[in-house]
Amino acid sequence: MPVAELRGVTKRYGEVQALRGIDLSIERGELLALLGPNGAGKTTAVRILLGLAEPTSGEATVFGHHPASQEAKVRRGALLQVAKVPETLKVREHIELFSSYYEKPLPIAETIAAAGLGGIENRLFGALSGGQRQRVLFALAICGNPDLLFLDEPTVGLDVESRRTLWAHIRAFVKRGGSVLLTTHYLEEADALAHRVAVIGRGRIAAEGTPAEIKAQTGTSVLEDAFLALTHENGNAAEEVLR
Amino acid sequence: MNRVYWMESKMELRKMARLKQYSMSTFCFPLMFYIFFGLAMPPLPGGASLSRYLLATYGAFGVMGATLYAFGTGVAVERGLGWLEVKRASPMPPAAYLVAKAAVSLTFGALVVTLLFALGAIFGGARMAPGQWALLWTVLVAGAIPFGAIGLAIGSLAGPNSAPGIVNTIFLPMGFLGGLWIPIGFLPKVLQYVAQFLPSYHFGQIALAILGAPTQGSVLVHVEALLGFGLVFAGVAWIAQSRDHEKIYG
Numbered sequence: 001m002p003v004a005e006l007r008g009v010t011k012r013y014g015e016v017q018a019l020r021g022i023d024l025s026i027e028r029g030e031l032l033a034l035l036g037p038n039g040a041g042k043t044t045a046v047r048i049l050l051g052l053a054e055p056t057s058g059e060a061t062v063f064g065h066h067p068a069s070q071e072a073k074v075r076r077g078a079l080l081q082v083a084k085v086p087e088t089l090k091v092r093e094h095i096e097l098f099s100s101y102y103e104k105p106l107p108i109a110e111t112i113a114a115a116g117l118g119g120i121e122n123r124l125f126g127a128l129s130g131g132q133r134q135r136v137l138f139a140l141a142i143c144g145n146p147d148l149l150f151l152d153e154p155t156v157g158l159d160v161e162s163r164r165t166l167w168a169h170i171r172a173f174v175k176r177g178g179s180v181l182l183t184t185h186y187l188e189e190a191d192a193l194a195h196r197v198a199v200i201g202r203g204r205i206a207a208e209g210t211p212a213e214i215k216a217q218t219g220t221s222v223l224e225d226a227f228l229a230l231t232h233e234n235g236n237a238a239e240e241v242l243r
Numbered sequence: 001m002n003r004v005y006w007m008e009s010k011m012e013l014r015k016m017a018r019l020k021q022y023s024m025s026t027f028c029f030p031l032m033f034y035i036f037f038g039l040a041m042p043p044l045p046g047g048a049s050l051s052r053y054l055l056a057t058y059g060a061f062g063v064m065g066a067t068l069y070a071f072g073t074g075v076a077v078e079r080g081l082g083w084l085e086v087k088r089a090s091p092m093p094p095a096a097y098l099v100a101k102a103a104v105s106l107t108f109g110a111l112v113v114t115l116l117f118a119l120g121a122i123f124g125g126a127r128m129a130p131g132q133w134a135l136l137w138t139v140l141v142a143g144a145i146p147f148g149a150i151g152l153a154i155g156s157l158a159g160p161n162s163a164p165g166i167v168n169t170i171f172l173p174m175g176f177l178g179g180l181w182i183p184i185g186f187l188p189k190v191l192q193y194v195a196q197f198l199p200s201y202h203f204g205q206i207a208l209a210i211l212g213a214p215t216q217g218s219v220l221v222h223v224e225a226l227l228g229f230g231l232v233f234a235g236v237a238w239i240a241q242s243r244d245h246e247k248i249y250g
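Here the protein sequences come in this chain order: A and B.
With the working numbering, the residue at position 37 of the first sequence is 37, and numbering never jumps.
With the working numbering, the residue at position 184 of the second sequence is 184, and numbering never jumps.
Simulated from the structure, these hints should not be mistaken for lab results.
As the structure is a computational prediction, the values presented were derived from the model and not from experiment.
Note that beta-carbon positions come from the ideal geometry of N, C-alpha and C, so glycine has one too.
One or more hints might be untrue.
In silico lysine-lysine, DSS-like type, Cα no more than 27 Å apart, as pairs [to be verified]:
1) 10(B) <-> 20(B)
2) 10(B) <-> 104(A)
3) 87(B) <-> 20(B)
4) 104(A) <-> 215(A)
5) 87(B) <-> 10(B)
6) 84(A) <-> 189(B)
7) 104(A) <-> 87(B)
8) 84(A) <-> 20(B)
9) 84(A) <-> 10(B)
10) 175(A) <-> 215(A)
Covered stretches of chain B (chain A as the covering partner; in silico rule of three or more C-beta atoms under 8 Å from a C-beta of chain A) [to be verified]:
11) 9-16
12) 60-73
Take the sequences, apply the hints, and build the full model.
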């Protein structure tokens, strides 16, 4: 059984059709990267799986439960794009608070180590660098010892070194047996981390497979070329449908 | 389960206590105005001192500020800039978020009222029966509840950048027009009429009734009015929050 699943999910916001029928499943122990240009529907798919939005039609489940149910919530963690995190709490305080939401959280020291926050745990969030801030958000996502992690563009805006550091922590989570849904528009990131890639364009899944399969499918050697070929093709197909 | 509520409230208190804008605006306005109008002004003709009267009204003003800033500005910023989404995706019980904001409002409200009472008793020569002090303190602090609902409605509707300005333009005039800065009887008749439509006026009148100071209308009506405002704004907040869940994202 997949740990999380979207079945025939569509989502309409007023005039905007964000998702046009998506089937997607995340299997135990895999890192699935959801790739797509801005506005393709990546964040909408994640929001539905987090119970923050209801699908217009179709079904979403997390561990067989409704995504907004407490059963689903206690077994997953999420790193979302957030413009402002409260800055007057210390790193450790943020982690202690989120840990208190779970029945069996990781020990605080373990979370701090697993997110690479040793030495800065007593700093106020407002005093941290961009890379450190993302690692705190990562810590809040993993502190409940979840089986499934949602990472919505976790490395956007980070420098190369911070990005690599966060990648290492994500890999370590997967190595411990966790499953991950990662959205990104950095193709290099999907290539480096993902077992499987789903390319999403204009609210549909355009292709799905291992990074190697995707490249083979489009006859390209670089994922970026495959991505452009797929999202462009899909765009043309959508335009034809509209005509 | 109770541990979550406790932790959420404890962390919210630390967070707000370290937030200079919040502690400054919560303490500075009421204490400064009380010193100007309640302590520095000469006694009124006839010898009546304002120091005791204004303890009730600036106490109400202080609680109103502590609450409107915590709920209004606090919720608007966290909702508008994505933090509330992170909380909603987590297993935090939604009520814990509100309980924590209420804990901050009640704690800071209680601190402002206690400081005002100390100023009034030590420097203003304000005297009351012990039971009167206790009752006035309790009623003032409890005022955080209806104003919490008003703040929550503002926080649920206002954008993160405009919320601080909106709270200021509601809070300061509401204090003045509700008769919390200078006694309502000193205001022009037309403003006294407007006051009836402000929750701050009803709150001030309840507090003044405890002092035995001259008030307008019956206490019961003021209590009902304040509860009515609280319920209406709680409803507004509820509707705004449920509509908020369906926002457009990329």
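Right, here's what the structure says about each hint:
1. 10(B) <-> 20(B): holds (18 Å)
2. 10(B) <-> 104(A): Distance of about 21 Å is within 27 Å: holds.
3. 87(B) <-> 20(B): OK: residue 87(B) and residue 20(B) at ~24 Å, within 27 Å.
4. 104(A) <-> 215(A): Violated: residue 104(A) and residue 215(A) sit about 41 Å apart, past 27 Å.
5. 87(B) <-> 10(B): With Cα atoms ~16 Å apart, residue 87(B) and residue 10(B) stay inside 27 Å; holds.
6. 84(A) <-> 189(B): violated (46 Å)
7. 104(A) <-> 87(B): holds (18 Å)
8. 84(A) <-> 20(B): Answer holds: residue 84(A) to residue 20(B) is near 17 Å, not above 27 Å.
9. 84(A) <-> 10(B): holds (20 Å)
10. 175(A) <-> 215(A): Given pair residue 175(A), residue 215(A) holds - Cα atoms ~25 Å apart, limit 27 Å.
11. 9-16: n = 4 at 8 Å, threshold three: holds.
12. 60-73: violated (count 0)
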